[in-house]
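Residues per chain are reported as follows:
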Amino acid sequence: KNEVEQSPQNLTAQEGEFITINCSYSVGISALHWLQQHPGGGIVSLFMLSSGKKKHGRLIATINIQEKHSSLHITASHPRDSAVYICAVLPPGTASKLTFGTGTRLQVTL
Amino acid sequence: DAMVIQNPRYQVTQFGKPVTLSCSQTLNHNVMYWYQQKSSQAPKLLFHYYDKDFNNEADTPDNFQSRRPNTSFCFLDIRSPGLGDAAMYLCATSRLGQGLSNEKLFFGSGTQLSVL
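Residue numbers (the working numbering), protein chains in the order written: chain A, 1 to 110; chain B, 1001 to 1116.
Simulated from the structure, these hints should not be mistaken for lab results. For every residue, glycine included, the Cβ atom is placed at its ideal position computed from N, Cα and C. Mixed in with the good hints there might be a few duds.
[To be verified] Now the stretches of chain A that chain B is said to cover, found in silico as 3 or more residues with beta-carbon under 8 Å:
#, region
1, 68–76
2, 101–110
[Unchecked claim] Okay, derived cross-link-like pairs now, DSBU-like style, lysine-lysine, Cα gap no bigger than 30 Å in a straight line:
#, chain 1, residue 1, chain 2, residue 2
3, B, K1038, B, K1017
4, A, K55, A, K97
5, A, K68, B, K1017
6, A, K54, B, K1017
7, B, K1017, A, K53
8, B, K1052, A, K55
9, A, K53, B, K1052
10, A, K55, B, K1017
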């Protein structure tokens, strides 16, 4: 079992829909990252969370440390949101080893 | 403006011919990472620098080396590329604060390496 599990693995939505991507992890963490990767592209860091909730434009990320769970929400989805969304966690007291989830491939259609 | 810059965007090399990938940053971050990402897989950490301290992952092949001549630049050297080394190579930076509190990661756009 992976230490970081994401669901769903693949998601297709119509433009305008509200989207939720979930991430569950089984290890202690100091922070959790939500990352976005477009096909053939580099990675963009969307959020880094250690507690609570963060919002940036149409994106909202929440984390529940007790339940070891985080969600990424996209409101009013748009085709340009189509990408792979990756959850990654950072163990405490380390600069280095992010543990990555398997990613959620999102396709937003017109 | 791009803050973590990787060059080149695409690199083609021949089997066994040494290749160097470069990464530069304008953020003055003290930590720089190199990741390898193969198709449809999660990125895999190869090594990272905390300032000048080099930290190699245990399963990173000896074929992969890195140099960080100053804060801004970091290089990935592949001494004898094999076909299995074809991948996207991602550079990332972060600032490690006091108490080992890590801050947000910034990734470069990656270098797609092909080995012929």
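Right, here's what the structure says about each hint:
Three residues within the 8 Å Cβ limit are the bar, and the region 68–76 of chain A against chain B gives 0, so the coverage statement is violated. Coverage of a stretch by a chain is defined here by at least three residues with a beta carbon nearer than 8 Å to that chain's beta carbons; for the region 101–110 of chain A and chain B the count is 3, and the condition holds. At most 30 Å may separate the alpha-carbon atoms for a hinted pair to count; K1038/B and K1017/B meet this at roughly 20 Å. Proposed proximity of K55/A and K97/A is supported: the alpha carbons are some 25 Å apart, at most 30 Å.
Between K68/A and K1017/B the alpha-carbon distance is near 45 Å, which puts this suggested pair outside the 30 Å criterion. Taking the CA atoms of K54/A and K1017/B, the gap is near 46 Å; set against the 30 Å cutoff, the hint is violated. Distance restraint check for K1017/B and K53/A: the Cα-Cα separation of roughly 48 Å exceeds the 30 Å cut-off, and the hinted pair is therefore not satisfied. With a C-alpha separation of about 35 Å, the suggested pair K1052/B and K55/A falls outside the 30 Å cut-off, and the hint is violated.
Of the pairs offered as hints, the one joining K53/A and K1052/B is violated, with about 35 Å between alpha carbons and a cut-off of 30 Å exceeded. Taking the CA atoms of K55/A and K1017/B, the gap is near 46 Å; set against the 30 Å cutoff, the hint is violated.
Violated hints for the displayed structure, listed by number in ascending order: 1, 5, 6, 7, 8, 9, 10.
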